[in-house]
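Chemist: Produce the entire structure from the sequences given, and follow the hints as far as they go.
Chains as they are written, first to last, in the working numbering: chain W, 39 to 172; chain U, 39 to 172; chain P, 39 to 172; chain R, 39 to 172.
Incorrect hints may have been included.
As the list claims (entries may be wrong) - Here are the computed lysine to aspartate or glutamate pairs in the EDC-like style, where the Cα-Cα straight-line distance is at most 20 Å: (1) R:Lys64 with R:Glu52; (2) U:Lys64 with U:Asp91; (3) W:Lys64 with U:Asp104; (4) P:Lys64 with P:Asp155; (5) R:Lys64 with R:Asp155; (6) R:Lys64 with R:Asp91; (7) P:Lys64 with R:Asp155; (8) P:Lys64 with P:Glu158; (9) R:Lys64 with R:Glu145; (10) P:Lys64 with R:Glu158; (11) W:Lys64 with W:Asp155; (12) W:Lys64 with U:Asp91.
Claimed, not checked - Short derived list, chain W residues pointing at chain R, Cβ under 8 Å: (13) Asn40; (14) Leu44; (15) Asn83.
Claimed, not checked - Negatives, chain R to chain W, calculated, CB over 12 Å: (16) Glu60; (17) Gly62; (18) Glu165; (19) Arg172.
Everything labelled a hint here was simulated from the structure, so no lab data went into it.
All residues carry an ideal CB built from backbone N, CA and C; glycine is no exception.
Protein chains: 4
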Amino acid sequence: MNNITLQQAQQVIEAARQKSQETGVKMNIAVVDAGANLVAFARMNGAWLGSLDISIKKAKTARFFDMPTGDIGGLSQPGGPLYNIEHSNGGLITFPGGLPLRDAQGEVVGAIGVSGDSVENDHIVAEAGMHALR
Amino acid sequence: MNNITLQQAQQVIEAARQKSQETGVKMNIAVVDAGANLVAFARMNGAWLGSLDISIKKAKTARFFDMPTGDIGGLSQPGGPLYNIEHSNGGLITFPGGLPLRDAQGEVVGAIGVSGDSVENDHIVAEAGMHALR
Amino acid sequence: MNNITLQQAQQVIEAARQKSQETGVKMNIAVVDAGANLVAFARMNGAWLGSLDISIKKAKTARFFDMPTGDIGGLSQPGGPLYNIEHSNGGLITFPGGLPLRDAQGEVVGAIGVSGDSVENDHIVAEAGMHALR
Amino acid sequence: MNNITLQQAQQVIEAARQKSQETGVKMNIAVVDAGANLVAFARMNGAWLGSLDISIKKAKTARFFDMPTGDIGGLSQPGGPLYNIEHSNGGLITFPGGLPLRDAQGEVVGAIGVSGDSVENDHIVAEAGMHALR
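Modeler: Structure below.
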């Protein structure tokens, strides 16, 4: 199993932090490894307290299913095939802001979760973090 | 970071309690500080037991995101951008009755959460508590 | 079932708060009713954050078994008859600082839990609160 | 209430990481703020997975009571005044490796928690992190 290193995780977080600063938003940024366990985390000054837990849950959710968190949210709605899947795993977050992280061979080595603003901005910042890995 | 004092929190609770009495409702009233930790609490005689936890969760939710709890509930509906956000932070409450508390400079110093009647009355009582601070 | 009123609980808390101030300590003070549910709470400015949960657990523990929390701690030691009873009820606290509250007829109507300093001071402050009831 | 910044927390973590590398140990390093909420975290490559949660709990415990975690462990032994305090606050860790972080005025602005080797080494690494703040 390939796995993200601490150095890579810190690069991902720094890229996400810089993107947040450029965008004028305050984010909680979490990176988990291939085992869905936290590797690195940063909460920007003044970021929402409630987004701390959400950012970690987004990162875990993205690695649990190796897909963007928002894709799961599309399936977990009332009437959908994964309705209320959020009750599993101690609580999932299924709206945008979590993305799998892949190495150069395309293998998933971890995931990033971002929370602190609109889900659109959360997603943009998570993408900036993701691009720092490759 | 400014923080609500115990004396201020007790004034907020007393104002909310008086408003409840005038309105003829029985409330659980919780005040948390800037760190989202409980500072003061009061459960009126005969108030719903199940509203104890809800009042505390409303106060925490309002501070977690620095907005009225009902605003979050508008975004967490099926199909909404924050669908099922309630699964984070050990359980959020996203219907009305929780409000951030700000000091004279507009900085958030805590939050109030009220539960025990209709959400409309919960909100009215929370507002009465909030106005006692300034 | 007789039950403590909010007014009585607030008198208990105020007496405990005054005793804390005289003693020069900063306390978390919780009062539960006959159903072991929180009625009133106060955290003094600068009191330990970790004592918030402990004060509530002390009050609940004292009502769960209608005895001072320290008495249970004497029985929950290694080799004792109630070894590790602290694992029950979502976590008990069995060192001093929690006391049952009785009405004039001697019936238990609630309990007080105090945490924020040495267990000796926690107990002294809890006693001061208890005496305010009768 | 003064509060540690993200930049300061990252300096604390980097100093602890360097000390770990010099010492030849692999650590989980967590920094919480004055509200006992996570600000920054790093898990070194190959560090024990079980130490992730322990490092965060050590940091929280140190801030909950504004003292080194090992001091609490001295009081929570069988027969001690705080026996089984670990059952509070969702789980405390009371052996060495957690230390309060103070600003130049001596005010507690957060805490560091380190876990991944012997408690002696955990403590040494936590101290190195602490010294980076001042």
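Chemist: Does each hint fit the structure? Answer for all of them.
Modeler: Here is what the structure says about each hint:
no.: 1; hint: R:Lys64 with R:Glu52; verdict: 13 Å, holds
no.: 2; hint: U:Lys64 with U:Asp91; verdict: 15 Å, holds
no.: 3; hint: W:Lys64 with U:Asp104; verdict: 13 Å, holds
no.: 4; hint: P:Lys64 with P:Asp155; verdict: 7 Å, holds
no.: 5; hint: R:Lys64 with R:Asp155; verdict: 7 Å, holds
no.: 6; hint: R:Lys64 with R:Asp91; verdict: 15 Å, holds
no.: 7; hint: P:Lys64 with R:Asp155; verdict: 36 Å, violated
no.: 8; hint: P:Lys64 with P:Glu158; verdict: 14 Å, holds
no.: 9; hint: R:Lys64 with R:Glu145; verdict: 30 Å, violated
no.: 10; hint: P:Lys64 with R:Glu158; verdict: 32 Å, violated
no.: 11; hint: W:Lys64 with W:Asp155; verdict: 7 Å, holds
no.: 12; hint: W:Lys64 with U:Asp91; verdict: 29 Å, violated
no.: 13; hint: Asn40; verdict: 12 Å, violated
no.: 14; hint: Leu44; verdict: 6 Å, holds
no.: 15; hint: Asn83; verdict: 5 Å, holds
no.: 16; hint: Glu60; verdict: 16 Å, holds
no.: 17; hint: Gly62; verdict: 16 Å, holds
no.: 18; hint: Glu165; verdict: 21 Å, holds
no.: 19; hint: Arg172; verdict: 19 Å, holds
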